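For reference, the chains in residue letters:
Protein chains: 2
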Amino acid sequence: MAPTFRRLLAAGAISLVALGSAMAQAKDDGAMFPNVESFELDNGMQVVVIPDHRAPVVTHMVWYRVGAADEPPGKSGLAHFLEHLMFKGTEKIKPGDFSKIVRQKGGEDNAFTSADYTAYYQRIAKENLPLVMEMEADRLHNLKLTEKDVETEREVIIEERRSRIENDPGARLFEQMDAALFLNHPYQRPVIGWMNEMQGLTLEDALDFYRRYYTPANAILVVAGDVTAEEVRKLAETYYGTLKNTAEVGERKRLKEPRPEAAREVVLKDANVSDPQVIRSYLVEATGPAGLGESAALEVLANVLGGGPTSLLYRSIVVDDRLASSASAWYSSDYLDYGKVGLYATPLPGTEAAALDQAIDEVIERLKRGEISDEQLEDAKSSLIASSIYALDNQARLARLFGTALTTGYSVEDVKHFHERIKAVTRDDVAAVARKYLAPERSVTGRLLPTMQATAGTPVPAREGKTTTEPASEDVHKQPAKKEGQS
Amino acid sequence: MAPTFRRLLAAGAISLVALGSAMAQAKDDGAMFPNVESFELDNGMQVVVIPDHRAPVVTHMVWYRVGAADEPPGKSGLAHFLEHLMFKGTEKIKPGDFSKIVRQKGGEDNAFTSADYTAYYQRIAKENLPLVMEMEADRLHNLKLTEKDVETEREVIIEERRSRIENDPGARLFEQMDAALFLNHPYQRPVIGWMNEMQGLTLEDALDFYRRYYTPANAILVVAGDVTAEEVRKLAETYYGTLKNTAEVGERKRLKEPRPEAAREVVLKDANVSDPQVIRSYLVEATGPAGLGESAALEVLANVLGGGPTSLLYRSIVVDDRLASSASAWYSSDYLDYGKVGLYATPLPGTEAAALDQAIDEVIERLKRGEISDEQLEDAKSSLIASSIYALDNQARLARLFGTALTTGYSVEDVKHFHERIKAVTRDDVAAVARKYLAPERSVTGRLLPTMQATAGTPVPAREGKTTTEPASEDVHKQPAKKEGQS
Numbered sequence: 356m357a358p359t360f361r362r363l364l365a366a367g368a369i370s371l372v373a374l375g376s377a378m379a380q381a382k383d384d385g386a387m388f389p390n391v392e393s394f395e396l397d398n399g400m401q402v403v404v405i406p407d408h409r410a411p412v413v414t415h416m417v418w419y420r421v422g423a424a425d426e427p428p429g430k431s432g433l434a435h436f437l438e439h440l441m442f443k444g445t446e447k448i449k450p451g452d453f454s455k456i457v458r459q460k461g462g463e464d465n466a467f468t469s470a471d472y473t474a475y476y477q478r479i480a481k482e483n484l485p486l487v488m489e490m491e492a493d494r495l496h497n498l499k500l501t502e503k504d505v506e507t508e509r510e511v512i513i514e515e516r517r518s519r520i521e522n523d524p525g526a527r528l529f530e531q532m533d534a535a536l537f538l539n540h541p542y543q544r545p546v547i548g549w550m551n552e553m554q555g556l557t558l559e560d561a562l563d564f565y566r567r568y569y570t571p572a573n574a575i576l577v578v579a580g581d582v583t584a585e586e587v588r589k590l591a592e593t594y595y596g597t598l599k600n601t602a603e604v605g606e607r608k609r610l611k612e613p614r615p616e617a618a619r620e621v622v623l624k625d626a627n628v629s630d631p632q633v634i635r636s637y638l639v640e641a642t643g644p645a646g647l648g649e650s651a652a653l654e655v656l657a658n659v660l661g662g663g664p665t666s667l668l669y670r671s672i673v674v675d676d677r678l679a680s681s682a683s684a685w686y687s688s689d690y691l692d693y694g695k696v697g698l699y700a701t702p703l704p705g706t707e708a709a710a711l712d713q714a715i716d717e718v719i720e721r722l723k724r725g726e727i728s729d730e731q732l733e734d735a736k737s738s739l740i741a742s743s744i745y746a747l748d749n750q751a752r753l754a755r756l757f758g759t760a761l762t763t764g765y766s767v768e769d770v771k772h773f774h775e776r777i778k779a780v781t782r783d784d785v786a787a788v789a790r791k792y793l794a795p796e797r798s799v800t801g802r803l804l805p806t807m808q809a810t811a812g813t814p815v816p817a818r819e820g821k822t823t824t825e826p827a828s829e830d831v832h833k834q835p836a837k838k839e840g841q842s
Numbered sequence: 356m357a358p359t360f361r362r363l364l365a366a367g368a369i370s371l372v373a374l375g376s377a378m379a380q381a382k383d384d385g386a387m388f389p390n391v392e393s394f395e396l397d398n399g400m401q402v403v404v405i406p407d408h409r410a411p412v413v414t415h416m417v418w419y420r421v422g423a424a425d426e427p428p429g430k431s432g433l434a435h436f437l438e439h440l441m442f443k444g445t446e447k448i449k450p451g452d453f454s455k456i457v458r459q460k461g462g463e464d465n466a467f468t469s470a471d472y473t474a475y476y477q478r479i480a481k482e483n484l485p486l487v488m489e490m491e492a493d494r495l496h497n498l499k500l501t502e503k504d505v506e507t508e509r510e511v512i513i514e515e516r517r518s519r520i521e522n523d524p525g526a527r528l529f530e531q532m533d534a535a536l537f538l539n540h541p542y543q544r545p546v547i548g549w550m551n552e553m554q555g556l557t558l559e560d561a562l563d564f565y566r567r568y569y570t571p572a573n574a575i576l577v578v579a580g581d582v583t584a585e586e587v588r589k590l591a592e593t594y595y596g597t598l599k600n601t602a603e604v605g606e607r608k609r610l611k612e613p614r615p616e617a618a619r620e621v622v623l624k625d626a627n628v629s630d631p632q633v634i635r636s637y638l639v640e641a642t643g644p645a646g647l648g649e650s651a652a653l654e655v656l657a658n659v660l661g662g663g664p665t666s667l668l669y670r671s672i673v674v675d676d677r678l679a680s681s682a683s684a685w686y687s688s689d690y691l692d693y694g695k696v697g698l699y700a701t702p703l704p705g706t707e708a709a710a711l712d713q714a715i716d717e718v719i720e721r722l723k724r725g726e727i728s729d730e731q732l733e734d735a736k737s738s739l740i741a742s743s744i745y746a747l748d749n750q751a752r753l754a755r756l757f758g759t760a761l762t763t764g765y766s767v768e769d770v771k772h773f774h775e776r777i778k779a780v781t782r783d784d785v786a787a788v789a790r791k792y793l794a795p796e797r798s799v800t801g802r803l804l805p806t807m808q809a810t811a812g813t814p815v816p817a818r819e820g821k822t823t824t825e826p827a828s829e830d831v832h833k834q835p836a837k838k839e840g841q842s
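Going down the list, the sequences are from chains A and B. If you use the numbering used here, the first sequence closes out at 842, no skipped numbers anywhere. If you use the numbering used here, the second sequence closes out at 842, no skipped numbers anywhere.
Hints are computed from structural coordinates only; laboratory data are not their basis. Bear in mind that the values here come from a model prediction, so they are computed numbers and not experimental data. Watch out, some of these pointers could steer you wrong.
No distinction is drawn between identical chains; accordingly, a pair holds when it is met within one copy or between any pair of copies.
What the hints assert, rightly or not - Straight-line distance between alpha carbons at most 35 Å, and here's what the computed DSBU-like set of lysine-lysine pairs gives:
#, residue 1, residue 2
1, K503, K611
2, K791, K499
3, K447, K611
4, K503, K771
5, K499, K608
6, K778, K460
7, K608, K503
8, K589, K499
9, K791, K771
10, K778, K503
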């Protein structure tokens, strides 16, 4: 959940006004989002309500605890394929009409798939909440698919892969890095799927997956907006509470990684690369409730390491050593089974790969030795807390925050107490997770190079300001070019 | 099958006497092994008979078309675990008695598992062939296992993993390299299994796997030795022909690799490494009948590249550039779905990793441009043919040659015509497969380094003559320290 904060919020700076007003929402016990409520329907469907009365608008989301990591072997891309097919229609709604109806009411809708969840949402005027609930509940069980739907939509996802991955060397590199980072766990395969397997996805595959995972007890309803918990409860009981469970989903048990043994490197060369990049990922153990403290320490670590122009990495390799034109770091904890700490640098022309690696390694060694000033530590914590508070200002982001948390091993309470966990992080905590997780044998170093170039960053000029961040590979949408913080 | 020749035979030099007598066995049409016969029993069990009347001894093998790549996800090591458990006994044979009976008759027995096959064999005096057939047929269907057997034997395979893999940095590196070479196909996991999954293997897992794959139509009987095809046919019909098929195995369909995109590197550091090693693997498409020509060209390629002290790689990096103390190359085609071309070098003290990589790459570029002399080409072909002929001199090797071939996509005829395919290889064929397969994005480069060393081969002295070759990871035996060309 924590990275969700940062990832969703990285776009905007914090206005002090927003921050102050958000802080006012904190309860005496320090918990954020004091007015967020959560309950369960009789059929096991979880409901989260996030009241936000600033405008007569609601964000309605249904999240399923199923994603690409739940696909049967050989069927990569199936979760995302089904997400597309969910717009094909039911007995009541003709193919394509779902989105049309939402648009006619002035709303917008979309869907996204990650390794761990699949979610559908509409943002619409408050009075249309019953309508979208009725339609969403309808397609939860009554999806109708034809061979033709499947053929058409398979072409769409294949084209999506072409445009989003195959035409983007950075996306291809991230895909290859995940494939090298994970030796056994299904996070090794891309959410959108391997092309050769996408081509073989069938109507039967989609329906099997739908029947197995799309059932109320495996779903979470998140409603944010101009509503009260009681209003949502009544509507939810009417539209979702009446649905019977049609499948027993059981525990989400994925393959485990063997003990990490060897540092890996992945080099991708492409004629379309203008700025070489060096990217590194470190494998982090499952977060979830048991690892909440570690997860908070890793948040602080990533911020201290590469959270901005005052971060250790930036100051070392960009400002002091002038090896790179930009540098950053991040922590991705919004996965159910394993997290990742990532960092990247854009080497300046003339920078040798080995010199840059060594400089990065030295910064990491400093982290391990706890060489962080009080100011750096406090700045990182304040920045994380401020960023997270900014989430309060955007309804859809708030809804995503809770949806992501609940499908990746966190509880509503875990989200509410994020600030306290961040505040409790000490220098020793950061050094301890650095020593535990930033080990070479847990890492994959990716190098993006122009074709015909032997080493990182030598002859090609790097453009200032252009950065690569981890692609939101979990966000694979039905429609191109959506707003709402969706990439 | 081809690498089987080389791998099985690499140990010994060719004596001209053996070679001449072997050549005498070739038929007019040039086919090798003219007296090898093959037929099928009514239940679909295939039989191969390799008459060899030099001594009153037989090698009796039963091969199953099942291996580690057929294991269900999360159950790595299961095929090999079952191989161990097959020695536990049946209604007729008490646990452990199988091997004891063979030994009492002066014979020896063992078993081995690869990604694609599991095989059991006995080498014993001719008159005991009916006895071993009876016992082998008995455990094909009547295996009896207890929870205690499973617990005990699980400790044995775990200990086997510890001693063979975890205590051997080279073996760990090969394991990690395969995990990086294969992004999707089950060859990415080790035959012996990942430790964390081996610990969870159960009685039920073993029995499910046994019941699903151990059935006559999925088995191949190979008998080499002082027998005729007619004698074997009669015995086989008596002991195996009477068994009913208890399962429908179906086509062997494994996940396919996505298109290779990025060169990979795996660095393993260990305090026990004395000689740094650089190893490279290239992914080769499925061989099998369709790719027989390519496979032959790859055999020649590997031999030209690194088949000995006159090979391109050795002459370049050991003799001329003095970058390494040893170098070699090989081609592993004895897999059903993908092959590998491999090479390795032991860098001399002071050799920079980048310089060695560049020298290796230059040799590969020469291969791609077809810069091979007539003499080099002919020497490689002669050497491959001579090596293969040497197989005729060892009964167990011969039996393995055919068993491996028949479980990895080749026919008896394919084996017989190996020489002709090798003879037909041209310089252009070698250059074509070099260009097709020796591409950076198909490769993983492994580096084995002593702990605390930053780059390949700098401060640690390399010992002349000690080489790393690909570990026979497919050979995971029931008993340690067996003879018979088993590692």
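Status of the hints after comparison with the structure:
Within a single copy, K503 and K611 get their C-alpha atoms only as close as 38 Å, which misses the 35 Å cut-off; across copies the closest is 26 Å, which meets it. Proximity of K791 to K499 under the C-alpha cut-off of 35 Å is found in neither arrangement, the shortest distances being 49 Å within a copy and 45 Å between copies. When the C-alpha separation of K447 and K611 is checked against a cutoff of 35 Å, the pair qualifies neither within a copy, at 42 Å, nor between copies, at 40 Å. For a Cα distance limit of 35 Å, the shortest separation of K503 from K771 qualifies neither inside one copy, at 46 Å, nor across copies, at 49 Å.
Taking the shortest Cα distances, K499 and K608 sit within 35 Å of each other both inside one copy (29 Å) and across copies (30 Å). Taking the shortest alpha-carbon separations for K778 and K460, neither the intra-copy value of 44 Å nor the inter-copy value of 75 Å comes in at or below 35 Å. Both within a single protomer and between protomers do K608 and K503 lie at most 35 Å apart by alpha-carbon distance, with minima of 34 Å and 27 Å respectively. When the C-alpha separation of K589 and K499 is checked against a cutoff of 35 Å, the pair qualifies only within one copy, where the shortest distance is 28 Å, while the shortest distance between copies is 59 Å.
For the identical chains of this complex, K791 and K771 are intra-copy neighbours only, at 27 Å inside a copy versus 56 Å across copies, given an alpha-carbon limit of 35 Å. Taking CA atoms no more than 35 Å apart as the test, K778 paired with K503 passes in neither setting, with 54 Å inside one copy and 51 Å between copies.
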